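Sequences and hints are given; from them, build the entire structure.
In this text, residue positions in the sequence shown follow the working numbering: the first is 66, and each later residue adds one.
Just so you know, the hints here were simulated from the structure itself, not pulled from any lab data. A portion of the hints provided could be inaccurate.
Derived DMTMM-like pairs (lysine to aspartate or glutamate); straight-line CA-CA distance at most 25 angstroms [claimed, not checked]: (1) K259 x D228; (2) K618 x E628; (3) K288 x D333; (4) K237 x D227; (5) K261 x E247; (6) K237 x E294.
For clarity, every value in this text was computed on a predicted model and none was experimentally measured.
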Amino acid sequence: HGAAMTANVITFRGRSAMREVGKALNFSNDVIERFSSLYANGDFPHTLDFTAQIEKAGIPKNHPRAGVAAFLFGAIRSLPRHLGQHSGGMIICQGQLDSIVPLENASMPGRVVAQWDKDDCDDLGIIKVDLLGLGMMSVLQDSVELTSRNGPKVDLARIPLDDPAVYEMMCKAETIGVFQIESRAQMATLPRMKPKEFYDVVVEVAIIRPGPIQGHLMHPYLKRRQGREPVTYYDEALKPVLARTLGVPLFQEQMLKMAMVMADFTGDEAEELRRALSFHRSQERMNGVEIKLREAMARKGYGQEVVDRVIAAISSFALYGFPESHAISFAHLAYCSAWLKVHRAPEFYASLLNNQPMGFYSTATLIQDGRRRGVKFRPVSLNQSGWQCSVEADKAVQLGLCVVQGLNNLHAESALQQRNHRPFESISDLRRRSVFTKPELRVLAEVGALDHLTRHRRDALWQVEAYFAPDDLFTDGIDSALEFPPLEEMNFTDRLQADYSGMQFSLGPHPMAFLRSELHGVMAAAELSSVKYGQNVRIAGSVICRQRPGTAKGFVFLSLEDETGIANAIVTPALFERLRLLITEEPFLLVEGILQNADGVTHVRAHCIEPLSHGEMATVGSHDFH
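See the structure below:
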């Protein structure tokens, strides 16, 4: 047999198209970068035409090359740019694969890529298997391993799927770090869904997808679940197909079964429909299947209204929807991660940190969430930490050296072996018995990992600099007993800055805690739940998430974190276009707007957004437009 990874034809999208056009027309890098910021998600529906957008990027309307830029941008957009490698698609066949499809060597040694696009391989009947890696699988495995060190080992195959505490946490949308249900959209849906059993989690995983949202299927399901709308069916013949989802089709299997029941599609015709529904399929192919559906349903005597509704529901899945089997698998991982967060929180958070980067939130946000749930984190220390984060006997999470930016794993492991043989007694002892470079020792000193060897961070930094002084004539053989000049200890702000510079988070106060005294009339995130609907409020925080889904008609969703929690804001398309660069670039924002709360979901509909002056304050990482 032969096997190879499939190719993925990468096309010019918003940012890449403008980048190439800008280079060709000799626009400055600043202008090109500003345009990239405007197209923060590469491609999505815009409320401004292209000319207005390039004007916002700094190209005047009357610029001699503006018209050419607009023409070229439209001409190359969506054209093939280069061949990429499909992240998980592998094709297999009998015999020599190169006798069927052209192959080329991948950049990775020993890997081969087919030159045909993944969809073309599928169309030609070549067996294609998608092999996907999930970071959460490693988190679950590591969590189980950590639990076995401080008690009985958890068997995730035997945990109860009806745990009230798990569903209570989901209903409160306290799901940061939980697989698949941690996004802002999922957290806004969970209090409305109020999951009470495992299949509710299956639906929750499947419902926040472009297909159900664009097909206007999500809100009818939620209303029916809440008893605000009667359960109805397109036709009584579909009741066995749709009863479990309250008459609303949410899964691919339901779509195919609807075609088989309503239009007498055969298995082969249903498979043709499934292919047409696949992500990024051509509209031409979908139109052909739609004509067959309409003709078949008309022959069976269905009215035009019923036909239109069924076609609209099925067509919406061309925008991507889950098979039920896929949703069940993902829901099980979501439930397991939620169970660990409830019942084995220290092990769960330690495993999350060990597997970063992954998921929706930064390390800083994960640690803040863990602390709000009562998990204790101990600072990184060269004499206490391993390479990875671990859980101590008292259930505190000991941060590992892996959280420190710029450390070489092999250098750290070598130092840990030396430490296990004999603890380090001073900076000079560490310098002699480790292979850490000067930048590595500097960052260890800056984040406080060497505090046990010195009086404080600045003292450690001074000693590191002294041991690496350029003239070895004066520093060779320097003794640890030598007195170093007394230095002032870092203040709170300095330590915060050093922590975020070296680790991207801090175990000290949240950055907003230092800015709070300068804010007047600004509510903390934790206070919003007590505010009445429709009241004008002001909120502020570090931006941890910016999203503008293609299904949201141009609306932007912001999540602002402060020292008490997370507040969410909704930005209208008009306001976003007016303040696009401010919203996409500023790390701290102050938002004023009308508070809206319903079904346990609270957010602020913004009408005014300002940058929040933060001086040299450290910034929290943000999950932007993914």
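How the hints compare with the structure:
With a CA separation close to 14 angstroms, the supplied pair K259 and D228 stays within the 25 angstroms bound. Distance restraint check for K618 and E628: the Cα-Cα separation of roughly 32 angstroms exceeds the 25 angstroms cut-off, and the hinted pair is therefore not satisfied. Distance check on the hinted pair: K288 and D333 sit about 35 angstroms apart at the alpha-carbon level, beyond 25 angstroms; violated. Note on K237 and D227: the hinted pairing holds, with a Cα-Cα distance of about 17 angstroms set against a maximum of 25 angstroms.
As the CA atoms of K261 and E247 are separated by approximately 18 angstroms, the hinted pair is consistent with the 25 angstroms bound. Taking the CA atoms of K237 and E294, the gap is about 24 angstroms. The hint holds against a cut of 25 angstroms.
Violated hints for the displayed structure, listed by number in ascending order: 2 and 3.
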